[in-house]
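Asks: Okay, here's what each chain looks like letter by letter:
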Amino acid sequence: MVFVKAQKTKAYFKRFQVKFKRRRAGKTDYRARIRLINQDKNKYNTPKYRFVVRFTNKNIIAQIVSASIAGDMVMAAAYAHELPRYGLEVGLTNYAAAYCTGLLLARRVLKMLEMDEEYQGNVEATGEDFSVEPAESRRPFRALLDVGLLRTTTGNRVFGALKGALDGGLDIPHSEKRFAGFKKDDKQLDAEAHRKYIFGDHVACYMRVSLMDDEPEKYQSHFSAYLKKGLEADDIEEMYKKVHAAIRADPMPVKSTKEPPKEHKRYNLKKLTYEERKAKLVERLNALNAAEPDDEEDDE
Amino acid sequence: MPAGHGVRSRTRDLFARPFRKKGYIPLTTYLRTYKIGDFVDIKVNGAVHKGMPHKFYHGRTGKVWNVTKRAIGVEVNKQVGNRIIRKRIHVRVEHVLPSRCTEEFRERKKKNDQLKAEAKSRGEKISTKRQPEGPKPGFMVEGATLETVTPIPYDVVNDLKGGY
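Chains as they are written, first to last, in the UniProt record's numbering: chain V, 1 to 300; chain L, 1 to 164.
One chain only, chain V, in its complex shape (with noise of 0.2 Å):
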């Protein structure tokens, strides 16, 4: 045999530091962290909210979470797949819908507090920067956006999630910056472009494109959802414009109807007992000396 001198030696193992679990499974930045979560201590026990918005492959996760010894406390959630009972079937991780998710998290947020009555927000959505001014009696509710991991481009859905929030009511601080329709070029949002975003419009163009001049198999293939659903290219503003006004409607979220599993389902093996792995043994090796007679047999 090759002689290989062995890279991970021993004394490497010995030496060896984990890293945090949750630095260990790349879900969490602490540098980021430490910096979101450090309170004034001349503020003793008021909590600083963070605005946490995730994205996965099929779904938008928009959280009001304050951290504490035991645990982050979520004080409020709100997910895209609860966007079907607003009007919104299909595009759950769009720009648009991203932004319906925020707006749908301010407004659950201000009702929870009994303050949506004072703060409105920006109930008109143009793409314009707008930040909540503080009312008579109380001062808005503040929370700082948590991106967690991702790469903060100019255009990015979780700042269509901001904007929503922005727009909901909530006073998170941010610049206009990474919207998307800002251009480097001249420093300042195009807030028509804003728009076009947040209802979907840059998806409607796309569907118009594909359709009518360059590939309609396309069209058939990649929006088959949308015409599932009946839905054209010139729907969908009209569309996200109901969404938004049923959000304000009714933030409150729906509890669910089905009973909790009365036993957990199980995710690892069962540790077997002592018994149970003799017994495991003596089986395997029947099993090896009933399928090799011809070959040597050692003693159990």
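These aren't lab readings, by the way, just hints derived from the structure by calculation. Take these hints with a grain of salt, some might be off.
[Stated by the list, open to error] Derived DSBU-like pairs: lysine-lysine, alpha-carbon spacing no greater than 35 Å straight-line: (1) V:K177 to L:K109; (2) L:K110 to L:K136; (3) L:K110 to V:K19; (4) V:K27 to V:K14; (5) L:K109 to V:K43.
[Unchecked claim] Chain L is nowhere near these chain V residues, computed Cβ spacing over 12 Å in every case: (6) R15; (7) A25; (8) I37; (9) D40; (10) K58; (11) A67; (12) A70; (13) K111; (14) V123; (15) E215; (16) E237; (17) T273; (18) N289.
Values in this document were obtained by computation on a predicted structure and should not be read as measured data. C-beta atoms are modelled at their ideal positions from N, C-alpha and C, and glycine is treated no differently.
Starting from the known structure of chain V, fit chain L onto it as the hints suggest.
Replies: Just chain L, lined up with the frame of chain V:
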């Protein structure tokens, strides 16, 4: 070149992070709150360079007298010459732990209050004072055998080992 006497002199091991605990510090240090009058232990965290106390204060316990945005003011006793001065220093929260020195006292206070309330409801008097451990009670020694030891007479021939 002689060794210097800078602020962090002789702290190579004192401020070093323990084995396999380098890098980011766990977040509970940032989530703890401290009120004025709490007791805290000062333990320097070498990974955070700002707001480090002088090496003298490492391992000291003091009372919180001030709370600012990112740091705690701690009042620590320091012996200077023939007197003890109460020194007031500001230390960042990463170098501070809540002290357990008053934990036993607070537990005892709670328990005593409870005992006193119970005794009051029963109408009898109790003393909640701690008593020091007294002398052990007397006991009989078990399984002892008597062995009488007498001196043996001096034997010149046997006792002189080797030459004489």
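Asks: Sort out which numbered hints this structure fails and list those numbers smallest first.
Replies: 1, 3, 6, 8, 9, 11, 12
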